[in-house]
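Visitor: Sequence:
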Amino acid sequence: MPVQVLLRYYAGAAAAAGLDQEPVAVPAGTTTGALVAEACARHGADLVRVAGACSVLVDGVLDPDRTRPLAAGTTVDLLPPFAGG
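Residue 78 in our numbering sits at position 78 of the sequence shown, and the numbers go up by one each step.
Read the hints as simulated data drawn from the structure, not as lab findings. Ideal Cβ positions, reconstructed from N, Cα and C, are used throughout, including at glycine. Wrong hints could be hidden among the right ones.
Stated by the list, open to error - With beta-carbon atoms standing in for the labels, derived distance ranges: (1) P81 <-> G60: 10 to 20 Å; (2) F82 <-> P2: 30 to 40 Å; (3) D20 <-> V48: 14 to 24 Å; (4) R49 <-> M1: 26 to 36 Å; (5) E22 <-> G60: 12 to 22 Å; (6) L19 <-> P81: 14 to 24 Å; (7) A37 <-> G73: 15 to 25 Å; (8) P27 <-> F82: 25 to 35 Å; (9) E38 <-> P64: 17 to 27 Å; (10) P23 <-> V61: 33 to 43 Å; (11) P2 <-> P81: 24 to 34 Å; (12) P81 <-> M1: 19 to 29 Å.
Generate coordinates for the entire structure from the input sequences, incorporating the hints supplied.
Guide: Structure, rendered in C-alpha cells:
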C-alpha cells in the first residue's frame, strides 16, 4: 500500500529539481535512498549530480546511509553542502 511523504529540496537541489517541495506516493517500506533515486529519475541529470553530494534528513534527523524506511507523513529534506559560516 502506498504512503504519502513530503520531499523538500533546498538550494542547488531545488534549482536542479525545479521546485522546492513535492508530495510523493511511495510503496510502504521504501527507503530514503530509493525515494531520492526515484526523484532523480523524474527530474533528470542535474538532480542526479546534486543529489550525490546532498545530506538526507528524515523528519529532521540525518540518514547518512539513506536506508531508513519511510512511513506515511514523513518529511524528507535533500540538503546540498552549504558554504559559509
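Visitor: Could you run down the list of hints and mark each one as holding or not?
Guide: Here's how the hints hold up against the structure:
no. : hint                    : in the structure
1   : P81 <-> G60: 10 to 20 Å : holds, 18 Å
2   : F82 <-> P2: 30 to 40 Å  : holds, 33 Å
3   : D20 <-> V48: 14 to 24 Å : holds, 19 Å
4   : R49 <-> M1: 26 to 36 Å  : holds, 33 Å
5   : E22 <-> G60: 12 to 22 Å : holds, 18 Å
6   : L19 <-> P81: 14 to 24 Å : holds, 20 Å
7   : A37 <-> G73: 15 to 25 Å : holds, 21 Å
8   : P27 <-> F82: 25 to 35 Å : holds, 32 Å
9   : E38 <-> P64: 17 to 27 Å : holds, 19 Å
10  : P23 <-> V61: 33 to 43 Å : violated, 20 Å
11  : P2 <-> P81: 24 to 34 Å  : holds, 32 Å
12  : P81 <-> M1: 19 to 29 Å  : violated, 36 Å
The structure shown violates the earlier hints numbered 10 and 12.
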